[in-house]
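Enquirer: In case you want the letters, here they are:
Protein chains: 2
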Amino acid sequence: MEETLSGARIDPKRLYASLEELGAVGAYDDEGSGLKGVNRLALTDAERDGRALVVRWFKEAGLEVSIDAIGNCYAERPGAVAGSAPVMMGSHIDSVPTAGRFDGCLGVLGALEIIRTLDARKIKTKRPIVAAFFTDEEGCRFGTDMLGSAVATGRIPLDEGYAKTDRDGLTVKAELERTGFLGSEPIGLRKPHAYLECHIEQGPVLRSKNLDLGVVTGVQAICWHELEIRGRSAHAGTTPMSYRKDPGVAAAKINLKLREMTASGEFGPDMRATMGVIRPVPGMINVVPARVVCSADLRNPDDDAMARQEAALIAYYKQVEKEEGVEIRWKRSAQTPRIRFDASVQETIADAADALRLSHERILSGAGHDAQEWSRICKTAMIFVPGEYDGISHNPREYSTEKQCSDGIFTALIALTALANED
Amino acid sequence: MEETLSGARIDPKRLYASLEELGAVGAYDDEGSGLKGVNRLALTDAERDGRALVVRWFKEAGLEVSIDAIGNCYAERPGAVAGSAPVMMGSHIDSVPTAGRFDGCLGVLGALEIIRTLDARKIKTKRPIVAAFFTDEEGCRFGTDMLGSAVATGRIPLDEGYAKTDRDGLTVKAELERTGFLGSEPIGLRKPHAYLECHIEQGPVLRSKNLDLGVVTGVQAICWHELEIRGRSAHAGTTPMSYRKDPGVAAAKINLKLREMTASGEFGPDMRATMGVIRPVPGMINVVPARVVCSADLRNPDDDAMARQEAALIAYYKQVEKEEGVEIRWKRSAQTPRIRFDASVQETIADAADALRLSHERILSGAGHDAQEWSRICKTAMIFVPGEYDGISHNPREYSTEKQCSDGIFTALIALTALANED
Chain A
468 MEETLSGARI DPKRLYASLE ELGAVGAYDD EGSGLKGVNR LALTDAERDG RALVVRWFKE
528 AGLEVSIDAI GNCYAERPGA VAGSAPVMMG SHIDSVPTAG RFDGCLGVLG ALEIIRTLDA
588 RKIKTKRPIV AAFFTDEEGC RFGTDMLGSA VATGRIPLDE GYAKTDRDGL TVKAELERTG
648 FLGSEPIGLR KPHAYLECHI EQGPVLRSKN LDLGVVTGVQ AICWHELEIR GRSAHAGTTP
708 MSYRKDPGVA AAKINLKLRE MTASGEFGPD MRATMGVIRP VPGMINVVPA RVVCSADLRN
768 PDDDAMARQE AALIAYYKQV EKEEGVEIRW KRSAQTPRIR FDASVQETIA DAADALRLSH
828 ERILSGAGHD AQEWSRICKT AMIFVPGEYD GISHNPREYS TEKQCSDGIF TALIALTALA
888 NED
Chain B
468 MEETLSGARI DPKRLYASLE ELGAVGAYDD EGSGLKGVNR LALTDAERDG RALVVRWFKE
528 AGLEVSIDAI GNCYAERPGA VAGSAPVMMG SHIDSVPTAG RFDGCLGVLG ALEIIRTLDA
588 RKIKTKRPIV AAFFTDEEGC RFGTDMLGSA VATGRIPLDE GYAKTDRDGL TVKAELERTG
648 FLGSEPIGLR KPHAYLECHI EQGPVLRSKN LDLGVVTGVQ AICWHELEIR GRSAHAGTTP
708 MSYRKDPGVA AAKINLKLRE MTASGEFGPD MRATMGVIRP VPGMINVVPA RVVCSADLRN
768 PDDDAMARQE AALIAYYKQV EKEEGVEIRW KRSAQTPRIR FDASVQETIA DAADALRLSH
828 ERILSGAGHD AQEWSRICKT AMIFVPGEYD GISHNPREYS TEKQCSDGIF TALIALTALA
888 NED
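If you read the sequences in order, they're chains A and B. Numbering follows the numbering used here, in which position 391 of the first sequence is assigned residue number 858; successive positions increment by one, without gaps. Numbering follows the numbering used here, in which position 344 of the second sequence is assigned residue number 811; successive positions increment by one, without gaps.
Hints may be right or wrong, so weigh each one.
Since copy identity is lost for identical chains, a pair holds within one copy or between any two.
The calculated DSSO-like cross-link candidates involving lysine-lysine, where the alpha carbons are at most 30 Å apart (straight line), are [unchecked claim]: (1) LYS526 to LYS870; (2) LYS870 to LYS712; (3) LYS798 to LYS785; (4) LYS798 to LYS720; (5) LYS676 to LYS712; (6) LYS798 to LYS503; (7) LYS785 to LYS591; (8) LYS676 to LYS789; (9) LYS658 to LYS631; (10) LYS589 to LYS870; (11) LYS712 to LYS503; (12) LYS589 to LYS724.
No wet-lab data here; the hints were simulated from the structure.
Excised from the complex, chain A in its bound form (with noise of 0.2 Å):
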């Protein structure tokens, strides 16, 4: 392996510029940071023009591009042994409304940054390597997320992925049409020898441990719910309180549900839970809400701690069903089991980080990633790479610096080539 990468070495700065660029496609000026903030929900136009730079890229690496029936997209590098499966290493380019640059886009330029290494070096590799980016990873604008990989993997049936909308009900067919991003190429196609991901850890853990990189092990579970909470609009000044039935305040009480779920230590010490999403109908400063949409993101790491938390939730919806005179509806929108990620291909990266002499742990992903996805069909594991200020993602201050990044991506290349010229 080191005899044929012959001291071959990615070129940071190549990295970054790349991402850079990138992150200008959608940019915002944040209000709260003074920073500029990336906005590329998926099947936008900045999606979109964000797609059209990174297909650019690939081809000018002179990459052979294809885009599936979901809007997938694959650049493929050609390996000695003709026919033999790829490896490939992907990841995304859409971006939840207030993102960074890094979130996905390093694992996508990543992966093209190897190439034009091995390039550069005329190295060749026995299999193909594939960099690819899926179709709305973030799940923020169709509400499902990985569901370009999902629908590429067969998880989730292509109709299905086609008839989700977002909130003003166009469909993800639709918006893949109009974008150009209607692929031709069939879904169930690609069955990769291995896939590999580089992906920023977007927590605190491993820079407040110093590490230098992950070895990811798997993904912890995820369940989403969406609800609607029906009560009763009223005047807000003359109606009196006994007479009232808030869906905000009952939406306010499942929200500490949640805090206090987390922090009770019931269910293991690593349960997280959000209420991203809260929507009341009017909304108005003086009408007691008709209804409120919104959201619970739960999360942990084991499997049995994740299905007593559901439960309690559920049994919590009740509870505030009662007390506050409402009616709770609810769908569980998203739900993945714990991850767990092929252990070869966790050694392959932890040697190649020990051939680099880079610090690295064990982690477990606290978000979810497409390779969690693939990991259902080939050999998979993912390279974390640390982030300044905890880890801060999801927002204009997510920040890795040039060294994480490279070194991310360096161990990334010699893992995937080891990967690549596997029998």
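Knowing the structure of chain A, use the given hints to seat chain B on it.
Expert: Only chain B this time, still in chain A's reference frame:
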């Protein structure tokens, strides 16, 4: 008084039909109730259409219609004594976004019905009678309730009124111009001899006591806070609970504190408090919000208790700032003290109700009304009409029967005529 009216009766069916016809302007299908609701926010196209309809009716009744510089409309029926100050009867036709058809409209169309009745009987009054409706009483669109009457009576300077903006940044002045209701009559021209307003109670008291109507003694104190809570946007999956600054949790705590304060009895038995606005940014399922815009609507019949409850709430903001690591910016966007209406006008109303053998009691208003503004510049009181379904209002289920409405307006006919015949 009885003699001059000589048995004149209002026409309950004509009154009720006019409420129905105006209620069809800006109507929408309410999912929750299956009923038609009314959405006629101030200076929208729907409200402009409502204004046009009422102005047409005023003109068809032979009244002289004037529009002042803040868009208030006055329709004058001449009096017998030249140059005498008029008696004004008015209210509003703008609505909250999820309204019924009675709030405000009863007072305006009731005044029109009274003038139609006097005309049919060729009854002259010494003083002119003015039927009026005022701009943005609800305050839902431009953030300040009683805007038109407050400007007309000098509490809010005209330029300040003009500069107020809605969520989209549109100003009152631009919307007055756009809808054709930027009138030429100068502000401050109207100083009535007396002001009378008939309105639905918007609460359960009269109906639960089986009273025909209420003689309103005044309005409880009102205070509005608009809050911006700044936290830190972060990834819902990866950010440990201990690292969070979640402004949604802070808003939930404040919402439950409002509830707790009303229940405690510490601020009297009749404190009311509501959080009607809750708007997290970015408002995404897997993002801890960066900030939350929310509101507090405080009411109390006692000025001292209101002062104490506001101070307690402000102290709680500081506590939440510490507990949650957030920053809370707030402004008092509305504040009116307890208003006391004129005792002699209350007497005139009570006498009129007695003459009609209608049961009545004195009642304090839970809601703000245009009458509170006019009460600063002339003697003023109000008549309340009961509402079914616990007097629910700001809701499509808002409902007063034909008899309830006509009892109120018939009483107003007698009281108004008496006031208009005063020297």
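Enquirer: Could you run down the list of hints and mark each one as holding or not?
Expert: Tested hints:
Within a single copy, LYS526 and LYS870 get their C-alpha atoms as close as 27 Å, which meets the 30 Å cut-off; across copies the closest is 78 Å, which misses it. For the homomeric pair LYS870 and LYS712, the shortest alpha-carbon distance between copies (29 Å) is at most 30 Å, but the shortest distance inside one copy (55 Å) is not. For a Cα distance limit of 30 Å, the shortest separation of LYS798 from LYS785 inside one copy, 14 Å, qualifies, whereas the shortest one across copies, 36 Å, does not. When the C-alpha separation of LYS798 and LYS720 is checked against a cutoff of 30 Å, the pair qualifies both within a copy, at 18 Å, and between copies, at 25 Å.
Taking the closest pair of Cα atoms, LYS676 and LYS712 come within 30 Å of each other only across two copies (22 Å); inside a single copy the shortest separation is 49 Å, beyond that limit. When the C-alpha separation of LYS798 and LYS503 is checked against a cutoff of 30 Å, the pair qualifies only between copies, where the shortest distance is 28 Å, while the shortest distance within a copy is 35 Å. Neither within a single protomer nor between protomers do LYS785 and LYS591 lie at most 30 Å apart by alpha-carbon distance, with minima of 61 Å and 63 Å respectively. Taking the shortest alpha-carbon separations for LYS676 and LYS789, only the inter-copy value of 28 Å comes in at or below 30 Å, while the best intra-copy value is 46 Å.
In this assembly of identical chains, LYS658 and LYS631 lie within 30 Å of each other by CA distance solely inside one copy; the values are 25 Å within and 60 Å between copies. Within a single copy, LYS589 and LYS870 get their C-alpha atoms as close as 25 Å, which meets the 30 Å cut-off; across copies the closest is 92 Å, which misses it. Taking identical chains as interchangeable, the C-alpha atoms of LYS712 and LYS503 lie at most 30 Å apart only when they sit on different chains, with a minimum of 21 Å there against 42 Å within one chain. With identical chains, the CA atoms of LYS589 and LYS724 are never at most 30 Å apart, being 58 Å at best within one copy and 67 Å at best between copies.
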